[in-house]
Amino acid sequence: DAGITQSPRHKVTETGTPVTLRCHQTENHRYMYWYRQDPGHGLRLIHYSYGVKDTDKGEVSDGYSVSRSKTEDFLLTLESATSSQTSVYFCAISESREETQYFGPGTRLLVL
Amino acid sequence: AQKVTQAQTEISVVEKEDVTLDCVYETRDTTYYLFWYKQPPSGELVFLIRRNSFDEQNEISGRYSWNFQKSTSSFNFTITASQVVDSAVYFCALSEAGAAGNKLTFGGGTRVLVKP
Numbered sequence: 001d002a003g004i005t006q007s008p009r010h011k012v013t014e015t016g017t018p019v020t021l022r023c024h025q026t027e028n029h030r031y032m033y034w035y036r037q038d039p040g041h042g043l044r045l046i047h048y049s050y051g052v053k054d055t056d057k058g059e060v061s062d063g064y065s066v067s068r069s070k071t072e073d074f075l076l077t078l079e080s081a082t083s084s085q086t087s088v089y090f091c092a093i094s095e096s097r098e099e100t101q102y103f104g105p106g107t108r109l110l111v112l
Numbered sequence: 001a002q003k004v005t006q007a008q009t010e011i012s013v014v015e016k017e018d019v020t021l022d023c024v025y026e027t028r029d030t031t032y033y034l035f036w037y038k039q040p041p042s043g044e045l046v047f048l049i050r051r052n053s054f055d056e057q058n059e060i061s062g063r064y065s066w067n068f069q070k071s072t073s074s075f076n077f078t079i080t081a082s083q084v085v086d087s088a089v090y091f092c093a094l095s096e097a098g099a100a101g102n103k104l105t106f107g108g109g110t111r112v113l114v115k116p
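Protein sequence lines correspond, in order, to chains A and B. Under this note's numbering, the first residue of the first sequence carries the number 1, and numbering increases by one thereafter. Under this note's numbering, the first residue of the second sequence carries the number 1, and numbering increases by one thereafter.
Worth flagging that the hints you see were computed from the coordinates, not collected in a lab. Please note that a few of the clues may not be correct.
Said to hold, decoys possible - List of simulated lysine-lysine pairs, BS3-like, C-alpha gap at most 30 angstroms:
(1) B:16 with B:38
(2) A:57 with A:70
(3) A:53 with A:11
(4) B:38 with B:115
(5) B:16 with B:115
(6) A:53 with A:70
(7) B:115 with A:57
(8) A:57 with B:38
(9) A:11 with B:38
On a predicted model such as this, the values are computed, not experimentally measured, just so you know.
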């Protein structure tokens, strides 16, 4: 299994507070991704990174920002959490653009 | 834009029955990749298979088999002689080779419940 961890694994927060989720990999893969999973929608891409300090938006990026200062870490920030951001968040990594994406264990976020 | 449709939201079978999960995709690219992932009740996403658009050979891995047909834009997945451990949500996904970052588009998933 790919070495991917996510922290925290569970979080409850209140509307309007900032939240940061962390994805850490030990595989030295260039590409990292953040997805959210909601019932009936499968997984949808929020943001992705193709290298240190290189990031781009996915299909559901509004309300989210990301940063990647080191190869192994990819942070997802909700600047001001809303109830619509209650979801399960998955990080994924891939060695190159064409290679398979492997997923972390997920973070369950509840925004009250 | 690319799209993946998994029309079956839930399938219930009795152990040892075969079950086939349908996946239909839409893309304008000629080069693309198709995937299946398994999400067991524990929640993690497990990679099962990856096929590129130039390889239409069917594949078998143990009790799992995949049927890729470009003519019908389908990539169906069959579990033979199902077991209780096969109970999970299965996702089909598509990525286009030309897309930056090889972004995956997922179907809505099919929940498989295997009863003893």
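Here is how each hint holds up against the structure:
Restraint check: the Cα-Cα separation between residue 16 of chain B and residue 38 of chain B comes to about 19 angstroms, which is no more than 30 angstroms; the hinted pair holds. Restraint check: the Cα-Cα separation between residue 57 of chain A and residue 70 of chain A comes to about 19 angstroms, which is no more than 30 angstroms; the hinted pair holds. Taking the CA atoms of residue 53 of chain A and residue 11 of chain A, the gap is near 26 angstroms; set against the 30 angstroms cutoff, the hint holds. For the hint pairing residue 38 of chain B with residue 115 of chain B, the CA-to-CA distance comes to about 18 angstroms; that is within 30 angstroms, so the pair holds.
Of the supplied pair hints, the one linking residue 16 of chain B and residue 115 of chain B holds, its CA atoms being roughly 9 angstroms apart against a limit of 30 angstroms. About 8 angstroms separates the Cα atoms of residue 53 of chain A and residue 70 of chain A, which keeps this hinted pair within 30 angstroms; it holds. Between residue 115 of chain B and residue 57 of chain A, the direct Cα distance comes to roughly 42 angstroms. Violation of the 30 angstroms bound is thereby established for this hinted pair. Simply put, residue 57 of chain A and residue 38 of chain B have alpha-carbon atoms about 26 angstroms apart, close enough for the 30 angstroms limit, and the pair holds.
With a CA separation close to 24 angstroms, the supplied pair residue 11 of chain A and residue 38 of chain B stays within the 30 angstroms bound.
Violation of the numbered hints given earlier is confined to hint 7; every other hint is satisfied by the structure.
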